[in-house]
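Chain G is fixed; fit chains W, F and B onto it per the hints.
Residue numbers (numbering that gives the first Met the number 0), protein chains in the order written: chain G, 0 to 453; chain W, 0 to 453; chain F, 0 to 453; chain B, 0 to 453.
In short, the hints are calculated from the structure, not lab data.
On a predicted model such as this, the values are computed, not experimentally measured, just so you know.
One thing to keep in mind: the hints can contain errors.
If chains are identical, the list can't say which one is meant, so a pair holds when it fits in one copy or spans any two.
Keeping only pairs whose Cα atoms sit at most 30 Å apart, straight-line, the calculated DSSO-like set for lysine-lysine is [what the hints assert, rightly or not]: (1) Lys190 with Lys133; (2) Lys244 with Lys370; (3) Lys190 with Lys244; (4) Lys263 with Lys244; (5) Lys259 with Lys215; (6) Lys133 with Lys173; (7) Lys370 with Lys348; (8) Lys370 with Lys382; (9) Lys434 with Lys244.
4 protein chains.
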Amino acid sequence: MEFEESGIGEECGVFGCLAAGEWPTQLEVAQIITLGLVALQHRGQESAGIVTSNGSSPPTYTTLKGMGLVSTAFKPEDMLKLRYGNLGIGHTRYSTTGMSELQNCQPFVVDTLHGRIAVAHNGELFNAAALRRKVMRHGVGLSTSSDSELITQLLCLTPPMEEVDNPDWVARIKNLMTLTPTSYSLLIMHKDVIYAVRDPYGNRPLCIGRLVPISKLHSSGGGEGDTEGWVVSSESCSFQSIGAKYYCEVRPGEIVQISKHGVKSLNIIPRPEGDPPAFCIFEYVYFARPDSIFEGQMVYTVRQRCGRQLAIEAPTDADVVSTVPESATPAALGYAQESGLPYVEVLCKNRYVGRTFIQPDTRLRQLGVAKKFGALTDNFAGKRVVLVDDSIVRGNTISPIIKLLKEAGATEVHIRVASPPIRFPCYMGINIPTKEELIANRPEFKDLANYLDP
Amino acid sequence: MEFEESGIGEECGVFGCLAAGEWPTQLEVAQIITLGLVALQHRGQESAGIVTSNGSSPPTYTTLKGMGLVSTAFKPEDMLKLRYGNLGIGHTRYSTTGMSELQNCQPFVVDTLHGRIAVAHNGELFNAAALRRKVMRHGVGLSTSSDSELITQLLCLTPPMEEVDNPDWVARIKNLMTLTPTSYSLLIMHKDVIYAVRDPYGNRPLCIGRLVPISKLHSSGGGEGDTEGWVVSSESCSFQSIGAKYYCEVRPGEIVQISKHGVKSLNIIPRPEGDPPAFCIFEYVYFARPDSIFEGQMVYTVRQRCGRQLAIEAPTDADVVSTVPESATPAALGYAQESGLPYVEVLCKNRYVGRTFIQPDTRLRQLGVAKKFGALTDNFAGKRVVLVDDSIVRGNTISPIIKLLKEAGATEVHIRVASPPIRFPCYMGINIPTKEELIANRPEFKDLANYLDP
Amino acid sequence: MEFEESGIGEECGVFGCLAAGEWPTQLEVAQIITLGLVALQHRGQESAGIVTSNGSSPPTYTTLKGMGLVSTAFKPEDMLKLRYGNLGIGHTRYSTTGMSELQNCQPFVVDTLHGRIAVAHNGELFNAAALRRKVMRHGVGLSTSSDSELITQLLCLTPPMEEVDNPDWVARIKNLMTLTPTSYSLLIMHKDVIYAVRDPYGNRPLCIGRLVPISKLHSSGGGEGDTEGWVVSSESCSFQSIGAKYYCEVRPGEIVQISKHGVKSLNIIPRPEGDPPAFCIFEYVYFARPDSIFEGQMVYTVRQRCGRQLAIEAPTDADVVSTVPESATPAALGYAQESGLPYVEVLCKNRYVGRTFIQPDTRLRQLGVAKKFGALTDNFAGKRVVLVDDSIVRGNTISPIIKLLKEAGATEVHIRVASPPIRFPCYMGINIPTKEELIANRPEFKDLANYLDP
Amino acid sequence: MEFEESGIGEECGVFGCLAAGEWPTQLEVAQIITLGLVALQHRGQESAGIVTSNGSSPPTYTTLKGMGLVSTAFKPEDMLKLRYGNLGIGHTRYSTTGMSELQNCQPFVVDTLHGRIAVAHNGELFNAAALRRKVMRHGVGLSTSSDSELITQLLCLTPPMEEVDNPDWVARIKNLMTLTPTSYSLLIMHKDVIYAVRDPYGNRPLCIGRLVPISKLHSSGGGEGDTEGWVVSSESCSFQSIGAKYYCEVRPGEIVQISKHGVKSLNIIPRPEGDPPAFCIFEYVYFARPDSIFEGQMVYTVRQRCGRQLAIEAPTDADVVSTVPESATPAALGYAQESGLPYVEVLCKNRYVGRTFIQPDTRLRQLGVAKKFGALTDNFAGKRVVLVDDSIVRGNTISPIIKLLKEAGATEVHIRVASPPIRFPCYMGINIPTKEELIANRPEFKDLANYLDP
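So that you can see chain G by itself, here it is in the shape it has in the complex:
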């Protein structure tokens, strides 16, 4: 809950689809991308966009963008515009800067001497400022502050554009990757190909799925012969809802080409020697949907194991274990399993409490968290509660919950946090509070229990 309330974000989701077999395809490419984005909606709710291509030469691109959830951004009548397409990419955006405008909505599409390209990006270039100067020094004006436009213009920059028949976009992508090692998971569509690119540090997730006949969806095995199409997504949780089988993860530094001829790994750009990969820890802690798979493990299971470990490292004498719904639930169940204490629910979440549109007068201002949670008193009155939360950031959301539970009859409340304290800012796009705001860096941290429940 600390995480949710902390405002930490900048995830975004990318999703692509390409029809195998004869083109024009019978596969509902645009609908698959739309459903894929709905399954990635937890990664960003500010805006959504889709670009489809018929893949011919020159290709016809169709673009649809809108503010808000996928279901708001794409009106049924607009969906008809996208009906036909043999391949396409989409994006769902989370906004850090507050500059929530339609022009920042991705994918970004540009005309180049080598044809039209579309780019969808999750991540943040740590050296964006230097790269912007580089591009501008070349005589380019940048019309947005987004990395997607920057990436697009960088792709045009080197090698010099010439009027050739077979432009080498892969060389351009490699050049981009040498210019900036992190962080990005990228989808680049050009004519009849989608390139899926993950930065050398593997900071953001990206994986590939295979569309098979629904009837064969759950049969094991099956050659690539029955492939109806390919999908590429930030998270594997999107595969199930569109009838795709998990195929592989795009590896750190890898460029994968997805075309009618299948999936082909073109290259792996290495990290600086000695550097370990740097997959974003927050994907495991909070961002990702629990049924997604990263590095061969299900996110839910990772969270649950953290809860188990927590019970080992920080046991306590109590009557029940519970969660601050919803993201801490796997860890709480893990803690309960390991500790042998019974798991109960103590808080009931009102999912309709969103952004507070009321400026409450004095009386209501004191109530705070009570708007969001109801106490399930029967489950803990007269009991000692272990309450598991997902993280500790500023340390300002858990106090009211402790108060709520004690006032409703809990005799003791023991807080257990399923991830390490956050101590440092992030240079790869996660907008963490300032060092001074992080509770782990403050004097109160030494006596945290008394600070949180004076």
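What follows is chains W, F and B alone, placed relative to chain G:
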């Protein structure tokens, strides 16, 4: 989950607030009603309305209505209009008929010879058709098909209106109650009084809370001397978020008067002799928020006890117990506790999947439920699962889940339903499918397991 | 221009259509009403509504209402809902009270013991307050402050409603007319009939047209045999755009029944003896479209004759005659014709200047009228100008124009006003400024020229 | 009227303002630009945009864009964002392509190595395709199809960008002008300067005004000492509404620098030798507001003189002269003056008839023009009418009007057209119908009278 998907509904929520002490009040009456409605939002999301009164003679009423969730219907600039008020009532509406229009939005306000009244209603008059003819025979034209307008006009009908100084609204309410015994929980605001009325069968819930200084919110006892105001609500779950203490339930057939002078029970209209009360069972099964209290018991606990009883009545040999999130979770935990089997989560819900705005082509149409749930495979692969659902209605939503779990590796799936099969329609406003559609009335019911998992 | 700026209003427009010949009709009844309302749009831009009926027993009514201009209020997809209908009535509303809400949008539709009726009303009942008490004394609650609801409930009141086969609505209409002599032009739709009613004083206009085959539209004569349908409208200007021929005016106090069987005058309710009719003078001055015909005369011609008479009554020595566009133009041309002075244009209107959405800072606040008009200097520099306006109300809009013209080079500016000074309020629904605000009642009026151009 | 109905367009309006005197200024720069755009609204109603700058180093730019009229595009709460600014430019857009999207809305703003610039453009580059390739060959991706982006990137291209202290934007503008001689009127804002640029052919208008104290607005003379600020606009009609005095026209090929230090002509790029200037004739015929001044003459007067000349070149024996409102009125009055025939109004325009939102059924489809105009019969019945229109394009809108007038009683209708027949397409951005569609190129043109009135 069956319940959620079944389209069973017509709940609506009503909420009222009246400031104690000197008027004009410092109490933020309109904000309290708004937050109260947010806490009742699960009872209806189609439209919302608030009417406040300054309580003077003649009173000034201010009305705000809008379509959608409370947060959508009331814009911040509109809230300012409601800022001042000493009492008021609100309503959040669930639509059965599909006639979702602003003019059906409650509370319904009319000018009468005895002043302006506002009416908010939860329920449905079983003899509405006859009552409409009665009203129209008297020479009244009815401008909507809503029961609220009908109730309002019935209140004006008897006794005949005369230009008197102290109109007797209670006599009118009693007359209404003799005309129709069910179903309604009503709030009627007239000048400086709110009447809270519950039908003789007690079909819909209604309870009263006391606003106390936030500092005294959790101290036990405390006389009425420290009362800052009174609230009346469909469900007690709304009390916590506005700083109110549970005071009492309005009893079946009771008329309660809420005024500056406190809460006063005026009358109890009895049921036909021999008839038992008829509290709507679906409040316990699905409608109500788990932290609400009806008839002295917390809804969560009732659901949990149903799960325990289920484990006694229908035990099975299995490895794990789980829920179809979210409404069946208390029952699933109860089943796990009673049976001694471990509780795990097997399904992850995508809360962004709403109304399908895509008319899926052939391929996607086969996927159905997969859009809504992801499988948490690690938790059940190779295991025998007891899956608890809240109810069984048409029996057409659980099959795909069984399939999903089996394909993801469950060796056995045992379905347990935490409420009795629904066999009959409802004449009190719950729009249950036709008798023929109810699975409990169909031949397949005899061999349900094979029907659901062929 | 004084009139336009004065805020004088409350006109509204009503329009009805009924298909002759076999039902279901091939005539596009809903489209004809929509176009009719567009042609009456100058009478009210706040909201619009249409109700159509298939005319069967019981009839199916379809209603469409919306805020704003007809083209905004009725979306194309909504129009489809209205597609089928054999008769219908519509309304376009002007708001005086600022209570611009959808619920005040007409036609008003109610269910009565004698079937469903729809009412569209232009005018204001001078004794509305007394009639409201009368209705409420009968035990009716009134849900709006609109006269349309009041009229509808009055129609239900007398004679008492009984369950009969052939309800006598005409008797009810007559009773209404005895209760209130003015002001109203009414359309009442019941099942398969439209009643067109004009109050005994004939305060608001109402006339009837005959739909003929387009090919015969301009041939003179032609029996009723070629009638394709009937229309009834506030103004005859709407007939041309839908292919109707002017048929007759509804006379003061007349009840006309329009049905499949043709148009039939049922009754004329007389005025109190000695009282003259009281057609609203402002229809001629400003409200009506210039191509409409009232009492046998074209509005444009009446305005032009006023200008001619003005030249006779108030001649002046000048070089050119001009208008404050656009409503004073016919009078200005009349003045020029009669005086023999040349007519020129001196002001160019910016039709995009609407409601000022800017709160101008000090500098811009001084510019006022200059936002609305540009000076056509070549046409009057160095000349003496007679400037004709339509009316004089508060006398606060003409001064800046005099200043504008003089500063742009006019040597003299002579103001001539084409209608008498307004001295009194109106009790029939025209919201005239208070007596004190009317310039004709103020001391400055004695030396008006110096007051307007100090 | 032919012109209005012909769909000929692509005008757009540009407007800039810069405060003289001390910065931060007290001058309401953003409000002045907004009102300036309202006065240019007739040049484009699709979208509007404003960018203001505080002029400091580096400058803070604030941007506001929206679809529709200025009054729709800029909401009051948004205007607050623009409140402070010492200079700024705005644009109102007319769409030819149907690609009416927010991303095409101007001004176009980009970050360059030499700072942020904003560009507003009226016109169309005749060699846009070649210039796009040129830019793309340099390695730039173009994200829109608009000339504004192209111009912006061309400005960045030459000379090469270097990190210098005093970037020479004028050299860049000159380079742009050598690359493309027409057509453009441009406003380019960089930090604290606005460059006003007109193409060497002077195809589109652009002029400069001086903001003076309102009290001195109409005094003649006055040195530049009393200058409060400078404005630059497509048309001088916008000056009056914001309190500006006409200062000068930007000459064909001229680059004017507007800064705190006043207005300075920097350069005039010549046309190819022997080429005459090519001011767009349609500005005089239809586009411009009649009170604007081009080349020292008022547009109204030019139109009127065309009418006079028409009476000399094409006299006729008739009773009255009239206009197809509203654009032909000056010419009609000129014709009447020269011919000595009386001027009357014969058509009344319904200004609420906009885009047809109804797909009319067979009956209504035959009515066409009647929706738009009402006949003022009294003014011409039994008379011979000379009807003046502004232009002849396809020749398909005047026939129904002739029919309308004749059917309403005109004995003869003589059409006179106040501008030459259009025979050729335009390569400078005016979207004229194809050569084949132009009536002047069709065989029917030889016997036009019989064709138009068979």
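Taking the hints in turn, this is what the structure says about them:
{"no.": "1", "hint": "Lys190 with Lys133", "verdict": "both (27 Å within a copy, 21 Å between copies)"}
{"no.": "2", "hint": "Lys244 with Lys370", "verdict": "between (41 Å within a copy, 15 Å between copies)"}
{"no.": "3", "hint": "Lys190 with Lys244", "verdict": "within (25 Å within a copy, 55 Å between copies)"}
{"no.": "4", "hint": "Lys263 with Lys244", "verdict": "within (17 Å within a copy, 65 Å between copies)"}
{"no.": "5", "hint": "Lys259 with Lys215", "verdict": "within (21 Å within a copy, 64 Å between copies)"}
{"no.": "6", "hint": "Lys133 with Lys173", "verdict": "both (17 Å within a copy, 25 Å between copies)"}
{"no.": "7", "hint": "Lys370 with Lys348", "verdict": "both (9 Å within a copy, 23 Å between copies)"}
{"no.": "8", "hint": "Lys370 with Lys382", "verdict": "within (24 Å within a copy, 39 Å between copies)"}
{"no.": "9", "hint": "Lys434 with Lys244", "verdict": "neither (42 Å within a copy, 40 Å between copies)"}
Of the numbered hints given earlier, the model fails hint 9 alone.
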